[in-house]
Amino acid sequence: MLGMGIGHTASLVRKAGEDAKNAELRKSTEGLGLPTVNDPERTYAQISLGDYRNFVENYKDFEQDMVYEALTDTSLVQRAEADRDMAQQLTTGAAQRNASRLGVSLTPAQQAEQTRQLQLGNTLGGIQGVNDARIAQLEANKSKLSDLMNIGRDINRTSLNQLGSAAADATARKNAYQQAKAAYKQQMYQVGGTVVAGGLLAMAGLI
Amino acid sequence: MGGKPSKSDYQASTSEKTSASIAYKEWEDHKTTYEPIYLAMRDASKSTGPSTILRRRASADVFQAFDTGGQGDAMMQQADTVSSGSDMAQAYQGQQGLASASALGIQNKEQANVLGIARGQAADAQMGLAQASRLATSEALTRAKAKQDTKMAQLSAAGQIAGAAIGARDDQGKNLLFGDTKLGAFSNRFSDALARQS
Chain A
1 MLGMGIGHTA
11 SLVRKAGEDA
21 KNAELRKSTE
31 GLGLPTVNDP
41 ERTYAQISLG
51 DYRNFVENYK
61 DFEQDMVYEA
71 LTDTSLVQRA
81 EADRDMAQQL
91 TTGAAQRNAS
101 RLGVSLTPAQ
111 QAEQTRQLQL
121 GNTLGGIQGV
131 NDARIAQLEA
141 NKSKLSDLMN
151 IGRDINRTSL
161 NQLGSAAADA
171 TARKNAYQQA
181 KAAYKQQMYQ
191 VGGTVVAGGL
201 LAMAGLI
Chain B
1 MGGKPSKSDY
11 QASTSEKTSA
21 SIAYKEWEDH
31 KTTYEPIYLA
41 MRDASKSTGP
51 STILRRRASA
61 DVFQAFDTGG
71 QGDAMMQQAD
81 TVSSGSDMAQ
91 AYQGQQGLAS
101 ASALGIQNKE
111 QANVLGIARG
121 QAADAQMGLA
131 QASRLATSEA
141 LTRAKAKQDT
151 KMAQLSAAGQ
161 IAGAAIGARD
171 DQGKNLLFGD
181 TKLGAFSNRF
191 SDALARQS
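Those sequence lines, one after another, are chains A and B. Sequential numbering from 1 applies to the first sequence in my numbering. Sequential numbering from 1 applies to the second sequence in my numbering.
One chain only, chain B, in its complex shape:
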């Protein structure tokens, strides 16, 4: 025979619980390991470190090219030329401009990467919340429908019981509630009519 449904029959299985535990642990590990790295990347992307390095290197390259020349005669030639300083000035500014532009490009890409990762996580969080709300809605609707079905069944059962009570009779067919009166006869016929229609 069937009986009342048991809540224990609808509990999560061990494998489901294990899967959920592993997923939660992985999320925690990710937060602990990678979140500090993302924050460090965010801070590093705001610094001017690459710019300083590239500009200093560009400056050194210019002065190295003009000051040493690799050959003693070339150095003498530069020192003796009235336009060497002018050439160096233009080369210096050009190289510094290139270095600054490269550094800014690197910095912008780094920032875009960090923001992409952060926004990706936020998007995942948004989708997670949307899915959680869908689950909650489904659960709420199922509960509401189950409540409504129970109410309807109770109403139907109450009607059937009332009909059976009204038409209850003894061995001689006499109505138990109203006896051998016109009301008793009416109740018997009413109960039979209800039984035929259900």
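Extracted from the complex, chain A is given alone in its bound form:
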């Protein structure tokens, strides 16, 4: 009895100390605007689901567009072709402005040669520009695809880990059910055996 009283007193003293520490902690967090989390497990699940929903709503289409572009983008080649068409008129205009500004006057033969040189330069420049653009486009697309594959590999790994976890949980539940059934059967056999043995012994009057 005395031991129980001392134990009870010690427990009360310990509880009082913990209450004091908790009150101090609560006081120190006042004014911080911390939300109350009554069910951390549910809150955790809700936050995780919310994050995934946010990804699907805001980034899924963006990702699909990226994959599509990595496989089909030809913007650089189209841009090079447009530049080739633009270069002719830009450089012709620039040459004329220069000549007019400095009062340079070319002979008809020089003008014809200048026009021929401009066309030749533009054509050569256009061919080189478009070919360079094709190579650059291929490199850009491959680089983009490589980045996407790195991201995709991480997705694959995470998904497999998650599936493995779900499979392990299912196995644990199945095993626990099998064990519970076996334990119940064992208990029933034990009870049945005890009753039968008791009855036999009683009937034989061997006690």
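Hints listed in this document are in silico derivations from the structure and should not be mistaken for laboratory results. Careful, some of the hints might be misleading.
As the list claims (entries may be wrong) - Below, in silico cross-link-like pairs of lysine-lysine (DSS-like), each with a Cα-Cα straight-line distance of 27 Å or less: (1) B:17 - B:31; (2) A:185 - B:147; (3) B:151 - A:181; (4) A:60 - B:31; (5) B:109 - B:46; (6) A:27 - B:46; (7) A:15 - B:17; (8) B:7 - B:145; (9) B:4 - B:147; (10) B:151 - A:174; (11) A:60 - A:142; (12) B:7 - B:17; (13) B:17 - A:21; (14) B:145 - A:185; (15) A:142 - B:4; (16) A:174 - B:147; (17) A:181 - B:145; (18) B:17 - A:27; (19) B:7 - A:27; (20) A:60 - B:46; (21) B:25 - A:21; (22) B:145 - B:4; (23) A:15 - B:4; (24) A:185 - B:174; (25) B:109 - B:4; (26) A:185 - A:174; (27) A:21 - B:151; (28) B:109 - B:31; (29) A:60 - B:109; (30) B:25 - A:181; (31) A:142 - B:17; (32) B:145 - A:174; (33) B:7 - A:15.
Stated by the list, open to error - Pulled from the structure, derived: some chain A residues nowhere near chain B, Cβ distances all over 12 Å: (34) 6; (35) 9; (36) 10; (37) 13.
The beta-carbon is built from N, C-alpha and C at its ideal position, and this holds for glycine as well.
Here the structure of chain A is known, so what remains is to put chain B in place on it, guided by the hints.
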């Protein structure tokens, strides 16, 4: 003496609740502060802003190089040369091609960064849900086992009570249920046999 377990003994401590509150607040702050930035980055990565800037600069560089030359004699020489326009055309297309390729590389990297961040968050969410489901499974299994253990204990207790009731006797050893009959004697022997085996 021990008593029925109290639910209050298994409540979360103040420090656990504080830790959970801080974690939730931090997550909320992160969402409020950084999510708009991620969305803005996503939208910016789809725009052609870098391409426009780089191409205009490349164009200005070409015309500056050919039109001014830095020296009056060089300008005169260019204006007087029939091939200057041809050289400019090739330089213009080459520079525009380089500018476009650089801009596309920048844009692709930006998009990959945004997607990496978004997918990282989604992966964290997936792992969070996996962990939550593991916790729920563990809790469900523990509850199921506790229920099963309680049922088994109840069955065992019921058997013991039944055995004791069958074999209950008075001071003279007479069975209380069935009296001084053959059934009463059998019940006494049966109860004793059960008691010896348990």
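ask   = Which hint numbers does the structure go against, in order from smallest to largest?
value = 6, 15, 24, 25, 27, 30, 31
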